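> The listed protein sequences derive, respectively, from chains A and B.
Start counting the first sequence at 1; every next residue gets the next number (the numbering used here).
Start counting the second sequence at 1; every next residue gets the next number (the numbering used here).
In short, the hints are calculated from the structure, not lab data.
Fair warning: there could be bad hints in the mix.
Capping the alpha-carbon separation at 25 Å, the derived lysine-lysine pairs in PhoX-like fashion look like this [to be verified]:
#	chain 1	residue 1	chain 2	residue 2
1	A	Lys191	B	Lys196
2	B	Lys254	B	Lys123
3	A	Lys277	A	Lys348
4	B	Lys92	A	Lys148
5	A	Lys348	A	Lys384
6	B	Lys92	A	Lys191
7	B	Lys42	A	Lys461
8	A	Lys234	A	Lys253
9	A	Lys397	B	Lys42
10	B	Lys250	A	Lys438
11	A	Lys397	B	Lys59
12	A	Lys148	A	Lys348
13	A	Lys275	B	Lys123
14	A	Lys212	A	Lys468
15	A	Lys479	B	Lys42
16	A	Lys111	A	Lys331
17	B	Lys196	A	Lys321
18	B	Lys92	A	Lys37
19	A	Lys84	A	Lys98
20	A	Lys190	B	Lys123
21	A	Lys275	B	Lys42
22	A	Lys37	B	Lys42
23	A	Lys370	A	Lys479
24	A	Lys148	A	Lys448
25	A	Lys191	A	Lys37
26	A	Lys370	A	Lys331
27	A	Lys277	A	Lys453
28	A	Lys175	B	Lys123
29	A	Lys27	A	Lys506
30	A	Lys506	A	Lys134
31	A	Lys321	A	Lys453
32	A	Lys337	A	Lys315
33	B	Lys42	A	Lys445
34	B	Lys92	A	Lys175
35	B	Lys49	A	Lys175
Since the model is a prediction, treat every value here as computed from it, not as a measurement.
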Amino acid sequence: MRKLFGSLMALVLILSFSLSSYAISQKDYIIIGTTDKIASLDPAKAYDYLSDNILQNIMEGLVKYIPGTTKIVPAMAKRWTISKDGLTYTFYLRKGLKFSNGDPITAEVFKYSFERVIRLNQEPAFLLSDIIKKIEVVNKYELRIHLKYAFAPFINIMAFNVAYPVDPKVYPKDKLYNGIPVASGPYMVKKWVRGQQIELIRNPNYYGEKAKTPIILVKLYRNANVLYIALLNKEIDVAYRTLLPQQFSQIQKNKNFKALVGPSPFIREIVFNVKQKPFDNVNIRRAISYAINRAQIIQDVFNNQVSPLYTLIPKGMWGHKPVMPHYNLKKAIAILKKLGYSKKNPLKITLWYSPSHYGSTEASLALTIKNQLEATGLIKCQLKSAEWATYIDYWTKGIMGMFLLGWYPDYFDPDDYMWPFLASSASPQMGCFYSNKKVDELLLKARKETSIKARTKLYYKVQEILAKEAPYVPLFQGKQRVVAKPNIEGLLLDPVQIFRYYLLYKK
Amino acid sequence: MKTYIFTRILLSIPMVLIILTIVFFVLRVLPGNPVLAMLGPKAPPQVVKAMEHQMGLDKPILVQYANYLKDIAKGDFGKSTVTGMPVIDELKQKFPATLELTIFAMIIAVVIGIFYGTFAAYKLGSPIDVSARIYSIFVYSFPVFWFGLMLQLVFGVWLNWLPVSGESSPFMTPDKTYTGMYVVDAIINGQWDVLKDSLMHLILPSITLGVVISSIFVRMVRSNVILTLSSQFVVAARARGIKEKTVLFKHALKNALPPILTIMGLQFALLLGGAVLTEVTFSWPGIGSYLVSRIHARDFPAIQGTVVFFAIFVAIISILVDVINAWINPRVRY
């Protein structure tokens, strides 16, 4: 026992040592807290938000978005040309580009990186493998890419992480790389404690403008509650993704923090399996879309932190045309009555949702929709839930007739909001099984067309058909939210949802 | 004794094999395709098929099972579908954090259990005894995450004394990693500020877990000490005029300890798995929260690997407990 007391006393003594002050000055680093996780920092595999976002700060591709816009500008390629038939893209690289370890970045490196992504065939690989036919190195600084078919959003894909170059000396040809990434962007990774934190420092070999803060530390939290407490406890300087709506509202009232809201390309929708009864009846789908009160959902479930959406293309993106019917209970009732439903013989349906994949608000969202549908007095809606892995399995097998889904784009082009949802070849993967020859024709034409004006017209037409046939009910568009200590500057909530650490600094 | 140890090890093999088999088949019976969970709805069907082929999921289930056993025998737990990393490497990274938390929680639980339980038994029927009984029922029924959250609010947010999450403060990780346990590594490195920081981070999660577990120990120690206090040898010791403190700790508690130690040993193994909620509440980067997140992703290799890892660990602990028991008490040997 005495020994035990001795040990305890020693522990107390150790605890009473004064904590030596950090060697680094407070202004030299910013700590960002998040509930997201890092799966892989190999561009051939990264396909979740945080992995992608870290890559967007430590790597760069041939082209990039101007911060705060959806406009694409040259990055490692100083310019590019597109052949008249839209099938060949030639990129002219800057000279003297280097990775963080000093290895050169040339056209050969890009060819190696793209072919590696296709060969490894991981999550984001289809973005390249579906479109690229051949990659050709014209010379050290000239890269030519031949496409299988004309695809207007190809340049947007080149701005995505899957098209970032990797060092052939470090990243194996036919294996994923799990070590510390070799950087080509404003930051490089200094230390990565998996599942806990990642420390980024300035990349001395980056050709562009240097990052404003020398060190960025990204800390990972298990859930919104811990992140919220860590924020209140001043453990972090910035909280980005994701506090609960109620927590964010609380912070907005707290003078010790600043809270910013910005646009997001994230959308939510109800999906109907149009092959399954009763959702194979377009009138039922239309009645349901009339019965949905988006304003109430936004206020009651999300504390006004999302905005209503009346088409699949988000607001702020060209081609957006809000075509879906607004809330009209009378019309919903009239359609249902016409179909022969009554209080004694109500329409019996099931709404599926995934309880955790879209955060803890999902159950409330499902319940609110159920109540809205039942407010017609002619619908009995049952709620069912399944965990994400099961949920995907169910919708691809066509088990679920009506379910909640969300969509986050890979490339910022209306094509990514139309093709996967409405093209006959893609919609079964979405659990919708929608097929319409006219829509397929319009979508293919829009892919091949290079003029934005002409493409906009085509997408308007597709959206008009979407409104008539209602295979989906778009619900709302997300908003980005960030909370920071008052001395943090450079917070930019980008429409393409890249959180740029290299712009952040302390006042 | 050697035969006994050998037999115990031999008997543990079928146990691990049964667990491994159950997990393997249950995962495949449950709905949810790991490839779809990994790729999401955006991947074209041919990519899904190619990935299924790559992972061997298109083979007959018995072939998959045979391959799995073959790999396990070679010490290959497969690669995680989420990160693409070898599962064994991920487990090696996560396990030390869980082990560290469990050891500290166990120390807290044992200290509370032994002192509170012994005094309650000694003062049988007194307010201390009543409070011990209330404590063990009350604390056992605590939801771990709620208790953790309360501690975070009081000591983290309101009083601002202690950190509320993670294993360390920014830039306060050990320079060199030897064991993966920050406290041990900090001592080996001689980084006293890192040691202090790690201990500060351990306080709230280990109190949360330790206090909840201590309720079982308080009850167990109390009833065992009550039993030994009524034994003949205690009466004899008292009659000889030996000090009450000595009677209590040197005679009664010492004799009550063996069965308690057995249960504590097993509890330690179980605690490793039971740390899940604490790990989630405190963003503790351990194996518990790893397993939960991988179940959501249907990461077959990671789930199987973790369960087998746990099974082997529990088997080792129970063998150790049995061996210690056999060593103390030769009657239990084969």
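> Now tell me if each hint is right for this structure.
For each hint, the structure was consulted:
no.: 1; hint: Lys191(A) <-> Lys196(B); verdict: holds (21 Å)
no.: 2; hint: Lys254(B) <-> Lys123(B); verdict: holds (18 Å)
no.: 3; hint: Lys277(A) <-> Lys348(A); verdict: holds (11 Å)
no.: 4; hint: Lys92(B) <-> Lys148(A); verdict: violated (44 Å)
no.: 5; hint: Lys348(A) <-> Lys384(A); verdict: holds (13 Å)
no.: 6; hint: Lys92(B) <-> Lys191(A); verdict: holds (18 Å)
no.: 7; hint: Lys42(B) <-> Lys461(A); verdict: holds (24 Å)
no.: 8; hint: Lys234(A) <-> Lys253(A); verdict: holds (16 Å)
no.: 9; hint: Lys397(A) <-> Lys42(B); verdict: holds (15 Å)
no.: 10; hint: Lys250(B) <-> Lys438(A); verdict: violated (89 Å)
no.: 11; hint: Lys397(A) <-> Lys59(B); verdict: holds (20 Å)
no.: 12; hint: Lys148(A) <-> Lys348(A); verdict: violated (46 Å)
no.: 13; hint: Lys275(A) <-> Lys123(B); verdict: violated (73 Å)
no.: 14; hint: Lys212(A) <-> Lys468(A); verdict: violated (50 Å)
no.: 15; hint: Lys479(A) <-> Lys42(B); verdict: holds (22 Å)
no.: 16; hint: Lys111(A) <-> Lys331(A); verdict: violated (57 Å)
no.: 17; hint: Lys196(B) <-> Lys321(A); verdict: violated (59 Å)
no.: 18; hint: Lys92(B) <-> Lys37(A); verdict: holds (19 Å)
no.: 19; hint: Lys84(A) <-> Lys98(A); verdict: violated (32 Å)
no.: 20; hint: Lys190(A) <-> Lys123(B); verdict: violated (58 Å)
no.: 21; hint: Lys275(A) <-> Lys42(B); verdict: holds (20 Å)
no.: 22; hint: Lys37(A) <-> Lys42(B); verdict: holds (20 Å)
no.: 23; hint: Lys370(A) <-> Lys479(A); verdict: holds (24 Å)
no.: 24; hint: Lys148(A) <-> Lys448(A); verdict: holds (11 Å)
no.: 25; hint: Lys191(A) <-> Lys37(A); verdict: holds (16 Å)
no.: 26; hint: Lys370(A) <-> Lys331(A); verdict: holds (18 Å)
no.: 27; hint: Lys277(A) <-> Lys453(A); verdict: violated (39 Å)
no.: 28; hint: Lys175(A) <-> Lys123(B); verdict: violated (66 Å)
no.: 29; hint: Lys27(A) <-> Lys506(A); verdict: holds (6 Å)
no.: 30; hint: Lys506(A) <-> Lys134(A); verdict: violated (46 Å)
no.: 31; hint: Lys321(A) <-> Lys453(A); verdict: holds (14 Å)
no.: 32; hint: Lys337(A) <-> Lys315(A); verdict: violated (34 Å)
no.: 33; hint: Lys42(B) <-> Lys445(A); verdict: holds (21 Å)
no.: 34; hint: Lys92(B) <-> Lys175(A); verdict: holds (21 Å)
no.: 35; hint: Lys49(B) <-> Lys175(A); verdict: holds (19 Å)
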